[in-house]
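There are 4 protein chains.
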Amino acid sequence: MKYNFKNDYTTGCHPNILKALTSSNLTSEEGYGEDQYSKKAVEIIKERLSNPDSVVHFVSGGTQANLTVIASVLRPYESIIAVETAHISVHETGAIEATGHQIQTVKSPDGKLTPQSIQGQLNLFEEVHTTIPRLVYISNSTEIGTIYTLEELKALSQFCRVNDLILFVDGARLASALTSSASDVTLHDLAIYTDVFYIGGTKVGALIGEAIVINNKSLQKNFIYNMKQRGALLAKGRLLGIQFLELFKDDLFFELGDHANKMALKITTGISDLGLPFLTTTFTNQLFPIFPNVVIAKLMKDYAFYTWIKIDDDVSAVRLVTSWSTEEHAVDGFLEDLKDALIL
Amino acid sequence: MKYNFKNDYTTGCHPNILKALTSSNLTSEEGYGEDQYSKKAVEIIKERLSNPDSVVHFVSGGTQANLTVIASVLRPYESIIAVETAHISVHETGAIEATGHQIQTVKSPDGKLTPQSIQGQLNLFEEVHTTIPRLVYISNSTEIGTIYTLEELKALSQFCRVNDLILFVDGARLASALTSSASDVTLHDLAIYTDVFYIGGTKVGALIGEAIVINNKSLQKNFIYNMKQRGALLAKGRLLGIQFLELFKDDLFFELGDHANKMALKITTGISDLGLPFLTTTFTNQLFPIFPNVVIAKLMKDYAFYTWIKIDDDVSAVRLVTSWSTEEHAVDGFLEDLKDALIL
Amino acid sequence: MKYNFKNDYTTGCHPNILKALTSSNLTSEEGYGEDQYSKKAVEIIKERLSNPDSVVHFVSGGTQANLTVIASVLRPYESIIAVETAHISVHETGAIEATGHQIQTVKSPDGKLTPQSIQGQLNLFEEVHTTIPRLVYISNSTEIGTIYTLEELKALSQFCRVNDLILFVDGARLASALTSSASDVTLHDLAIYTDVFYIGGTKVGALIGEAIVINNKSLQKNFIYNMKQRGALLAKGRLLGIQFLELFKDDLFFELGDHANKMALKITTGISDLGLPFLTTTFTNQLFPIFPNVVIAKLMKDYAFYTWIKIDDDVSAVRLVTSWSTEEHAVDGFLEDLKDALIL
Amino acid sequence: MKYNFKNDYTTGCHPNILKALTSSNLTSEEGYGEDQYSKKAVEIIKERLSNPDSVVHFVSGGTQANLTVIASVLRPYESIIAVETAHISVHETGAIEATGHQIQTVKSPDGKLTPQSIQGQLNLFEEVHTTIPRLVYISNSTEIGTIYTLEELKALSQFCRVNDLILFVDGARLASALTSSASDVTLHDLAIYTDVFYIGGTKVGALIGEAIVINNKSLQKNFIYNMKQRGALLAKGRLLGIQFLELFKDDLFFELGDHANKMALKITTGISDLGLPFLTTTFTNQLFPIFPNVVIAKLMKDYAFYTWIKIDDDVSAVRLVTSWSTEEHAVDGFLEDLKDALIL
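Chains as they are written, first to last, in numbering that gives the first Met the number 0: chain X, 0 to 343; chain E, 0 to 343; chain R, 0 to 343; chain S, 0 to 343.
Keep in mind that a hint or two might mislead.
Copies of the same chain look alike in the list, so a pair counts if it works inside one copy or between any two.
Straight-line Cα separation of at most 16 Å, EDC-like style, residue types lysine to aspartate or glutamate; simulated pairs [unchecked claim]:
no.: 1; residue 1: 153; residue 2: 183
no.: 2; residue 1: 106; residue 2: 83
no.: 3; residue 1: 45; residue 2: 336
no.: 4; residue 1: 45; residue 2: 249
no.: 5; residue 1: 5; residue 2: 28
no.: 6; residue 1: 18; residue 2: 312
no.: 7; residue 1: 1; residue 2: 28
no.: 8; residue 1: 5; residue 2: 33
no.: 9; residue 1: 1; residue 2: 331
no.: 10; residue 1: 220; residue 2: 163
no.: 11; residue 1: 220; residue 2: 126
no.: 12; residue 1: 248; residue 2: 46
no.: 13; residue 1: 220; residue 2: 52
no.: 14; residue 1: 5; residue 2: 29
no.: 15; residue 1: 1; residue 2: 29
no.: 16; residue 1: 300; residue 2: 336
Since the hints were made in silico from the structure, they are not lab data. Computed from a predicted model, the values in this text were never measured in an experiment.
Could you build all of it, start to finish, from the sequences and the hints given here?
Written out as structure tokens, the structure reads:
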């Protein structure tokens with residue numbers, strides 16, 4: 000196989016992280032997130048947020064982050080509003096419902112929620128007989144590669160505050176979103192305009208790890224008990240702290256996100272130059288070009304990627320994902336091979 | 000107020016039930032469904048089913064029946080397929096999700112599922128990352144008054160067996176469905192073609208009570224432990240047994256369902272004669288005629304009923320529900336008043 | 000069989016309740032507790048409590064009351080402190096754990112909690128790694144027939160407030176407790192000194208029904224959503240309202256509790272006069288006399304009751320329960336037969 | 000601080016693991032446990048078990064392993080029998096109850112279950128009204144450092160099979176148990192005599208990771224769906240596979256367990272030589288010596304460890320834990336300092 004474009008977690012971790020794990024390996028540390036690395040990582044992330052009131056906790060993975068946050072902040076009869084393509088709704092094996100909560104989904108061609116689409120769900124509320132919608136779940140970047148602009152984020156934030164809704168951002172691919180050429184959102188904005196969000200590490204060069212950031216003070220209390228109860232509190236919390244320290248002590252987090260986006264943009268440009276269309280326009284590390292099925296078959300001999308959706312009998316959309324470790328020559332090679340596949 | 004068409008549980012219970020409660024009142028009985036009345040009621044229902052292998056349990060209400068059955072038969076990662084209007088999805092305050100299970104919903108103009116629409120949901124399955132669809136939930140009659148024909152029921156049954164799906168029928172309004180002029184389904188058919196269903200008592204003249212019928216032997220074991228755990232096992236189980244004995248020892252259950260349908264049909268005919276359309280064609284005790292808003296406003300001075308959905312700025316569909324206790328003169332009066340309201 | 004002393008729910012309901020069900024039967028009422036009877040019953044109970052700020056809701060049974068209250072007031076990581084014999088711990092098929100909460104139990108010879116025994120559980124708390132004890136569950140009367148004095152109740156109340164604990168009283172047999180000759184506690188005391196409690200109807204002459212009383216204002220919000228979600232909200236809520244109206248519009252509730260206690264006291268006196276000991280001294284409707292096994296065998300030919308615990312090879316404690324419907328001649332007959340059995 | 004004896008997860012990981020993470024870092028692998036390292040690690044562990052029918056899955060931590068296994072194998076109304084000191088009961092913040100299951104605990108001075116103590120719990124079963132005990136949870140080594148002999152394990156296994164109970168072994172410290180000088184149990188024995196167990200990695204030199212081994216075929220199906228739903232399925236499953244490959248491709252797992260035990264034995268011998276008693280006799284890496292409080296105070300200036308339990312006003316038991324990374328000179332130094340503290 001020449002290259003694997005299936006996802007952004009095919010390789011291990013950024014070499015700096017391995018180095019840090021190695022150099023810290025034999026120090027003796029407290030468990031459960033009380034180690035010096037985790038503490039430092041929390042401090043540095045809070046500086047980045049420019050929000051001293053935020054609370055930061057590290058967990059292993061995205062589903063764990065989502066289920067722990069949601070089960071922590073909702074009462075049993077409160078529900079979640081999300082788009083139909085939301086990760087929590089379609090790719091987490093019912094993890095949210097397993098904590099007892101209903102998800103109400105909204106169709107959305109661009110994978111994003113708006114005040115209008117949330118209002119549509121609120122309108123379905125019937126006293127006593129329905130759940131009370133309480134949490135708005137969005138992903139940035141979304142499951143189909145799109146991103147929220149600052150204006151959109153602000154509008155959602157204001158709408159949520161007016162309607163007593165909790166705004167939660169799944170940031171599994173936040174690095175790619177924030178460093179996208181089309182984005183004007185910063186970490187600080189997320190600290191100001193959301194109640195809680197998480198910063199994905201796994202998809203931007205960590206071995207594992209997501210940093211949950213709770214900005215709303217009323218949601219911070221006893222959060223760690225929920226983590227422990229859901230199996231999300233690591234004994235060797237240092238493993239998470241060390242990695243986030245590496246990602247944030249300089250600009251590694253942003254550099255790696257930016258690199259993935261640049262590789263994606265190069266592919267986008269190359270494909271567009273060949274006159275091929277896309278299912279959705281994205282400026283992040285997930286691309287959804289539409290290829291003839293015969294081309295897909297040829298490419299799949301040398302490349303790994305998912306066929307996303309059948310468009311008609313002849314063409315399909317595929318998903319190509321770049322990452323912090325995608326090398327430029329792999330991208331160049333892919334574009335060459337695509338060109339060849341189209342000609343033949 | 001002249002009459003209340005809001006639902007089929009506005010009045011108490013059929014006089015025969017009151018009589019039976021009175022005559023049995025001071026006998027000493029075992030608790031938790033082991034009383035002689037419950038035992039006899041179970042035997043009689045099983046005779047009606049012509050299926051000696053079915054197991055019958057009584058619970059207080061519909062949500063309790065639904066949540067106890069579903070939590071009992073599914074593994075944590077298994078999900079439910081239902082129509083978008085399904086009672087469990089929109090009017091039970093997240094009761095099913097509160098037991099940990101995801102509901103996948105299908106749009107359906109007539110409120111019914113088909114093998115095709117179920118297959119559409121099965122196609123969304125992705126190994127490991129999605130729940131495994133395992134239970135098909137249908138209501139008969141449906142939440143919008145429609146019913147399943149025997150052919151449709153058989154088709155669903157066969158599809159479910161081929162695809163290892165459990166077929167569960169919510170029979171909150173089963174009396175109305177089975178006695179509908181448009182129905183060719185019998186209790187025996189339900190025993191043969193479904194894995195589990197329940198016979199609603201509350202909406203056909205009982206004070207409370209639904210009879211859960213488990214036909215699939217592999218789902219019968221220890222069901223009563225689930226009932227106890229969910230608070231669905233009454234200490235004085237006699238209250239449920241006595242009522243179902245009255246409903247089934249003769250044909251009261253069917254007579255009361257038939258009466259409600261006849262009253263509904265009379266309203267349907269009267270409204271049709273006035274040239275007014277319906278949102279959906281039903282032959283059960285729920286009607287959804289479309290009235291001018293001014294007419295609705297006039298009628299609401301003397302009658303209670305729900306406005307169901309706004310059609311446009313001038314007209315809306317309303318819901319009219321008849322019951323075992325709806326008297327013919329109330330129906331006649333309503334049609335008169337409707338005629339007057341249209342004229343003015 | 001001459002008489003059934005197994006429990007206090009062997010018979011139907013008090014005749015007044017049947018009369019009220021009959022006379023109200025055909026009135027048209029709103030569902031889900033919004034009927035006029037439920038509303039009146041709530042008002043009358045609140046007057047009895049002399050606490051206008053309490054909120055009252057009716058549910059069908061004790062397990063339902065317990066699980067709905069507990070799941071409503073606790074966060075996922077909060078736990079319950081109870082005695083080892085607590086109904087929620089040993090006779091509800093894991094209903095509380097099924098809502099996600101841990102119960103920490105304390106050995107107690109008299110079936111009661113004290114500030115000291117609660118403190119013993121609080122001492123086991125370890126930050127992050129254990130649940131946070133938050134709710135103190137007591138039953139009055141207890142599962143072994145004992146009762147709390149006002150002084151004991153006050154001490155628990157004060158301890159709970161100081162330690163941020165919720166005090167919840169399971170009142171399945173509250174009528175017997177409050178009318179016990181040894182009790183100085185009133186309904187008003189319960190409204191003042193507890194956060195939430197329920198008034199049992201099933202065991203004092205109702206067909207079904209428990210009245211949940213929430214005194215702590217911070218626990219009242221949206222409680223009805225929990226009821227609906229757990230299947231505890233009856234469509235024909237009138238059934239519960241009518242019964243509690245009968246029990247409380249005059250003094251029926253107290254008269255029936257008092258009657259059961261008087262019958263129990265007569266048995267106690269009779270047994271003591273025969274020189275037989277008791278496992279525990281009670282002044283409520285549950286008695287635990289110790290009989291020779293041969294006597295038990297003889298009595299069981301004519302009477303139904305539970306053998307509670309084996310004391311040694313020759314004697315065992317049994318449980319005798321009287322109720323609102325226990326007739327004095329049944330008690331007299333039992334004492335006669337006991338005397339005969341001892342002689343032979 | 001001279002040395003930290005608080006637990007066996009104070010340091011990072013064994014250097015071989017770091018080396019393997021480094022050398023494999025940039026290979027492209029499938030996610031979710033489908034990588035080549037995880038597959039190889041599974042094969043090697045199955046060889047070690049000499050049980051080709053076992054199924055092996057990797058998760059991040061012990062609480063996650065426990066809650067995922069238990070929620071996977073039990074029906075909602077089934078409960079767990081465990082000792083009062085069981086980790087799942089006292090140190091997992093109610094994680095098991097949060098999945099809906101009750102734990103019934105047994106007092107046990109040596110932290111172990113026996114057929115007799117399990118039978119005592121089975122005797123409490125009452126049809127319908129109690130949960131059905133279904134899973135027996137033991138830890139090896141136990142939470143207080145003791146271990147099960149092969150004879151004890153066999154007896155439990157036979158008892159469980161006769162009584163339709165699932166035997167589950169929490170092996171967070173299995174390396175220490177299996178390499179204990181007092182143990183005659185092998186991995187093969189665990190595969191033969193238990194239904195499911197897990198092999199702890201975190202406490203024997205891995206960064207994170209526990210290997211769940213399901214021997215009972217009826218419990219294997221769809222286990223991975225439970226993992227995903229509970230947030231226990233890592234995207235970069237390679238992190239777990241690589242570590243277990245290192246631990247089991249040679250004898251590293253056993254060597255590290257053995258080292259920890261040897262260091263513990265040296266401390267035990269040293270303390271015994273000084274004439275000091277122990278709370279419990281252990282041959283694993285957890286020790287519970289009893290020291291004068293003044294000695295504890297002195298030692299705590301240079302060493303980190305937990306005071307376990309107060310014996311009387313003058314002496315307390317402490318817990319000392321050694322690990323794969325405990326160096327002999329640290330042990331020697333501690334014994335010297337202890338001697339000094341006793342003299343002064």
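query = Okay, which hints does this one fail, numbers in order?
reply = 3, 6
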